[in-house]
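Enquirer: From first to last, the protein sequence lines stand for chains A and B. According to numbering that gives the first Met the number 0, the first sequence is numbered sequentially starting from 0. According to numbering that gives the first Met the number 0, the second sequence is numbered sequentially starting from 0.
None of these hints come from the bench; they were simulated from the model. Every residue, glycine too, gets a C-beta built ideally from N, C-alpha and C. Heads up, a few of these hints could be off.
Pairwise CB distance ranges (calculated) [unchecked claim]: (1) B/D49 / A/R10: 52 to 60 angstroms; (2) A/D183 / B/S1: 49 to 57 angstroms; (3) A/K231 / B/I17: 24 to 32 angstroms; (4) B/E81 / A/K231: 25 to 33 angstroms; (5) B/D120 / A/E252: 56 to 64 angstroms; (6) A/D186 / B/I17: 48 to 56 angstroms; (7) B/E6 / A/T414: 55 to 63 angstroms; (8) B/D40 / A/E252: 26 to 34 angstroms; (9) B/E50 / A/D183: 31 to 39 angstroms; (10) B/C119 / A/T177: 37 to 45 angstroms; (11) B/E50 / A/T282: 20 to 28 angstroms; (12) B/N111 / A/D183: 51 to 59 angstroms; (13) B/I17 / A/K284: 56 to 64 angstroms.
Calculated pairs, DSSO-like style, for lysine-lysine (alpha carbon to alpha carbon, straight line, at most 27 angstroms) [what the hints assert, rightly or not]: (14) A/K303 / B/K99; (15) B/K58 / B/K103; (16) A/K156 / A/K284; (17) B/K47 / A/K321; (18) B/K84 / A/K284; (19) B/K58 / A/K321; (20) A/K321 / A/K303; (21) B/K28 / A/K321; (22) A/K153 / A/K231; (23) A/K153 / B/K58; (24) A/K284 / B/K58; (25) A/K402 / A/K371; (26) A/K419 / A/K390; (27) A/K303 / B/K84; (28) B/K116 / A/K321; (29) A/K303 / B/K58; (30) A/K153 / B/K99; (31) B/K28 / B/K116; (32) B/K99 / B/K84; (33) A/K181 / A/K153; (34) B/K58 / A/K283; (35) B/K47 / A/K283.
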Amino acid sequence: MRYLPLSDQDRAQMLSVVGVNTIDDLFVDVPESARLRGLIDLPKHQSEQAVERHMSRLSAKSVSASSVPFFCGAGAYKHHIPATVDHLIQRSEFLTAYTPYQPEISQGTLQTLFEFQTQVALLTGMEVANASMYDGSTACAEAVVMAHRVARGKKSKAVLAPGLHPHYAAATQTLASTLSIKIDERDTGPGRDDNVINHIDDDTACVVVQSPNVFGEIIDLAPIAEKAHAHKALLIAVFTEPVALAAITPPGEQGADIVVGEGQGLGVGLNFGGPHVGLFACTKKLVRQMPGRVCGETIDAEGKRGFVLTLSTREQHIRREKATSNICTNSGLCCLAFTVHLSLLGEAGLTRLAALNHEKACDLADRLSTIKGVELINDTFFNEFTLRLPKDAEGVVQALADKGVLGGVPVSRLTDGEHKDLLLVCATETASDEDIAAFESALSEVLS
Amino acid sequence: MSVYFTEDHEWVSVDGDIGTIGISAYAAKALGDVVFVELPDVGAEFDKGDEAAVVELVKAASEVYAPIAGEVTEVNGALEDEPAKVNEDPSGAGWFMKIKVADKDELDGLMNADAYKTYCDGL
Numbered sequence: 000m001r002y003l004p005l006s007d008q009d010r011a012q013m014l015s016v017v018g019v020n021t022i023d024d025l026f027v028d029v030p031e032s033a034r035l036r037g038l039i040d041l042p043k044h045q046s047e048q049a050v051e052r053h054m055s056r057l058s059a060k061s062v063s064a065s066s067v068p069f070f071c072g073a074g075a076y077k078h079h080i081p082a083t084v085d086h087l088i089q090r091s092e093f094l095t096a097y098t099p100y101q102p103e104i105s106q107g108t109l110q111t112l113f114e115f116q117t118q119v120a121l122l123t124g125m126e127v128a129n130a131s132m133y134d135g136s137t138a139c140a141e142a143v144v145m146a147h148r149v150a151r152g153k154k155s156k157a158v159l160a161p162g163l164h165p166h167y168a169a170a171t172q173t174l175a176s177t178l179s180i181k182i183d184e185r186d187t188g189p190g191r192d193d194n195v196i197n198h199i200d201d202d203t204a205c206v207v208v209q210s211p212n213v214f215g216e217i218i219d220l221a222p223i224a225e226k227a228h229a230h231k232a233l234l235i236a237v238f239t240e241p242v243a244l245a246a247i248t249p250p251g252e253q254g255a256d257i258v259v260g261e262g263q264g265l266g267v268g269l270n271f272g273g274p275h276v277g278l279f280a281c282t283k284k285l286v287r288q289m290p291g292r293v294c295g296e297t298i299d300a301e302g303k304r305g306f307v308l309t310l311s312t313r314e315q316h317i318r319r320e321k322a323t324s325n326i327c328t329n330s331g332l333c334c335l336a337f338t339v340h341l342s343l344l345g346e347a348g349l350t351r352l353a354a355l356n357h358e359k360a361c362d363l364a365d366r367l368s369t370i371k372g373v374e375l376i377n378d379t380f381f382n383e384f385t386l387r388l389p390k391d392a393e394g395v396v397q398a399l400a401d402k403g404v405l406g407g408v409p410v411s412r413l414t415d416g417e418h419k420d421l422l423l424v425c426a427t428e429t430a431s432d433e434d435i436a437a438f439e440s441a442l443s444e445v446l447s
Numbered sequence: 000m001s002v003y004f005t006e007d008h009e010w011v012s013v014d015g016d017i018g019t020i021g022i023s024a025y026a027a028k029a030l031g032d033v034v035f036v037e038l039p040d041v042g043a044e045f046d047k048g049d050e051a052a053v054v055e056l057v058k059a060a061s062e063v064y065a066p067i068a069g070e071v072t073e074v075n076g077a078l079e080d081e082p083a084k085v086n087e088d089p090s091g092a093g094w095f096m097k098i099k100v101a102d103k104d105e106l107d108g109l110m111n112a113d114a115y116k117t118y119c120d121g122l
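Chain B with its partners taken away, still in its complex shape:
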């Protein structure tokens, strides 16, 4: 199972038809303390690049965009009570949502872990 990254610092890992989406460790560190995550409804459908969630900090907020198209099958309800999980474990317990992937070919346009690391180093 591979993990793919976007230039907007979202990640998606795909297992069969299901993709899990979160924000990268780089983004989690750069944002600082996350105080709230606004998640979509289960059943919501996104195109690639649509706004899918909002990460709220004490003095700012940032949109999280869908890295690929799909329909939301599950959201990480634990973030409601413990948004800090996004900072503690962005690529694990801090996941945002799972989607039913609409088109796996869209993954081709994303970066793998190595390419993303190089991308971040250049920022």
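In isolation and in its complexed conformation, chain A is listed as follows:
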């Protein structure tokens, strides 16, 4: 069928049906000052080559993570991703079936989801894991909603630790605001996570604690878990850097009931902030309340090994009104990348990678904290830590960028302007000795 635009007669007929004379009459409620008159000020059309040149010029104004010494973290981490990862996930068998709408046909995809769950369960020290979620922040929000489901509406409060990533807290707040979940008032700041113990009472459904927290501090979850369990509350442990789990005691061994986090650090690039991949694990006892779906191993009618999506009945597409979550994708391709990367590393490789990250961060912390006026505020950290600077961190970061070093994330950017003197700094295995030396000398100059 040809595309036939409306004739003047068609328009007049429609306007008369709704009872107005002109198109402008439809917009009388919009104030005159807010209405556009004339054409939008756009440049004239250009040739493909000219557009390409223009876009290249624009992108050259940005400093990319891989082009300069780079020390930013705060929830998104730059790691070396082997070329094999990209090659494998782009194989058409995976790429075209990454979200298994007719799951049992996609046995290869299901098998990788099964492997993914196994890896997440092992990393977190938990009994079961689901087949991935959007990202760490939404996984955190889903965990809080799950905890309230477990409490069957008898408890209303969720306690969020001061060191929980502010974006995770914001996502949780947003989801909780639609339900009858009260977020316990929280402050943010380093060195305060132990305070959550005092906020736990009989009305508490869950306590959410991040370790390493957003300031890089490693938190002892065991006493918090003990207090939570004494009040029949669940401990939700959060992490933003999966590589850290290879270096610290897994949250599952410290008494966590639900563990959620961001999987981007393995296999998934920074991607300008997304897509990322959410990890979600819990105890077997809670599996029926877990959002999303689980891939299970079974045998078919002929006795052959096969994989199947189970617990889908808890997802939104079968019994919408009873769904445990409105999640409708599983970041499938990113979780495949996570699994391929982790499989390539293996347990020993991951442990070595974690040790290397920690070593780089220790080296960096030693060197930066000897600069006059700079104070390292962490007692503990993995690959990220917080510095107190004698100047506004935002200005320092800008000055460092002008010298060609991306030197971390000012805490004030995450906390609506609070803690202006704090700077989050991260070093992964990608930071070379030259990068660290460049950072040290640039920061010395900026602060002198």
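Following the hints, position chain B against chain A.
Expert: Below, chain B without anything else, positioned relative to chain A:
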């Protein structure tokens, strides 16, 4: 002690004030393998027709409705570990819950075994 059935394939047998509730053999066969049963809390109160439990299968789930009103006095915890009991012995070991019957007159609106058999034959 008589057993009564609903059109939604629940059964209830009453002994004194206590009614035991489960799903019928017809339903258990029609559903296929039960993988999980979600039971109510002891102390929960239901009106006739309220959703009282959920039977979960691999690819579907189905509500179980209270055949008569009452307060839950006991649930069959064994189903937590062995949901297959619902398929193996729906009218015996596969029972779901016991309730304190609120109004015995409600039984009058249910079918006896013969009437239920005729009802199922017609489905």
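Enquirer: Hint by hint, say whether it matches the structure.
Expert: Evaluation of the provided hints:
1. At roughly 55 angstroms, the beta-carbon separation of B/D49 and A/R10 lies within the given 52 to 60 angstroms, and the hint holds.
2. Between A/D183 and B/S1 the Cβ separation comes to about 54 angstroms, which falls inside the hinted range of 49 to 57 angstroms.
3. Between A/K231 and B/I17 the Cβ separation comes to about 30 angstroms, which falls inside the hinted range of 24 to 32 angstroms.
4. Our hint of 25 to 33 angstroms for B/E81 and A/K231 holds, since their Cβ atoms are close to 27 angstroms apart.
5. With their beta carbons about 58 angstroms apart, B/D120 and A/E252 fall inside the hinted range of 56 to 64 angstroms.
6. Our hint of 48 to 56 angstroms for A/D186 and B/I17 holds, since their Cβ atoms are close to 54 angstroms apart.
7. Roughly 60 angstroms separates the CB atoms of B/E6 and A/T414, a value that falls within the hinted 55 to 63 angstroms.
8. The hinted range of 26 to 34 angstroms is satisfied by B/D40 and A/E252, whose Cβ atoms lie roughly 31 angstroms apart.
9. At about 32 angstroms, the CB distance of B/E50 to A/D183 agrees with the hint of 31 to 39 angstroms.
10. About 43 angstroms separates the C-beta atoms of B/C119 and A/T177, a value consistent with the hinted range of 37 to 45 angstroms.
11. Remark: the range hint 20 to 28 angstroms for B/E50 to A/T282 is upheld by a beta-carbon distance near 27 angstroms.
12. Checking the proposed 51 to 59 angstroms range against B/N111 and A/D183 shows it holds: the Cβ atoms sit about 56 angstroms from each other.
13. As the Cβ distance of B/I17 to A/K284 is approximately 29 angstroms, the hint placing it in 56 to 64 angstroms is violated.
14. For the hint pairing A/K303 with B/K99, the CA-to-CA distance comes to about 48 angstroms; that exceeds 27 angstroms, so the pair is violated.
15. The straight-line distance between the Cα atoms of B/K58 and B/K103 is roughly 36 angstroms, outside the 27 angstroms bound, and the hint therefore fails.
16. Using a Cα cut-off of 27 angstroms, the hinted pair A/K156 and A/K284 holds, with the two alpha carbons roughly 22 angstroms apart.
17. Under the criterion of a C-alpha separation no larger than 27 angstroms, the hint pairing B/K47 with A/K321 is consistent with the structure, at around 21 angstroms.
18. Distance restraint check for B/K84 and A/K284: the Cα-Cα separation of roughly 20 angstroms lies within the 27 angstroms cut-off, and the hinted pair is therefore satisfied.
19. At most 27 angstroms may separate the alpha-carbon atoms for a hinted pair to count; B/K58 and A/K321 meet this at roughly 14 angstroms.
20. Annotation: proposed proximity of A/K321 to A/K303 is violated, straight-line Cα distance about 33 angstroms (limit 27 angstroms).
21. About 24 angstroms separates the Cα atoms of B/K28 and A/K321, which keeps this hinted pair within 27 angstroms; it holds.
22. The straight-line distance between the Cα atoms of A/K153 and A/K231 is roughly 11 angstroms, inside the 27 angstroms bound, and the hint therefore holds.
23. Distance hint between A/K153 and B/K58 is unfulfilled; the C-alpha atoms sit about 30 angstroms from each other, more than 27 angstroms.
24. With a C-alpha separation of about 21 angstroms, the suggested pair A/K284 and B/K58 falls inside the 27 angstroms cut-off, and the hint holds.
25. For the hint linking A/K402 to A/K371, the alpha-carbon distance of about 19 angstroms falls within 27 angstroms, and the restraint holds.
26. With a C-alpha separation of about 8 angstroms, the suggested pairing of A/K419 with A/K390 holds against the 27 angstroms cut-off.
27. Taking the CA atoms of A/K303 and B/K84, the gap is near 26 angstroms; set against the 27 angstroms cutoff, the hint holds.
28. Taken as a hint, the B/K116 and A/K321 pair is broken in the structure, with Cα atoms around 32 angstroms apart against an allowance of 27 angstroms.
29. Between the alpha carbons of A/K303 and B/K58 the distance comes to roughly 20 angstroms, so the proposed pair stays at or under 27 angstroms and holds.
30. Pair hint A/K153 plus B/K99 holds up; C-alpha atoms about 24 angstroms apart against a cutoff of 27 angstroms.
31. For the hint linking B/K28 to B/K116, the alpha-carbon distance of about 14 angstroms falls within 27 angstroms, and the restraint holds.
32. Only pairs whose Cα atoms come within 27 angstroms are accepted, and B/K99 paired with B/K84 is accepted, the gap being roughly 24 angstroms.
33. Annotation: proposed proximity of A/K181 to A/K153 holds, straight-line Cα distance about 12 angstroms (limit 27 angstroms).
34. A distance of roughly 20 angstroms separates the Cα atoms of B/K58 and A/K283; the hinted pair therefore holds under the 27 angstroms criterion.
35. Of the supplied pair hints, the one linking B/K47 and A/K283 is violated, its CA atoms being roughly 33 angstroms apart against a limit of 27 angstroms.
When the structure is compared with the earlier hints, violations turn up for hints 13, 14, 15, 20, 23, 28, 35 and for no others.
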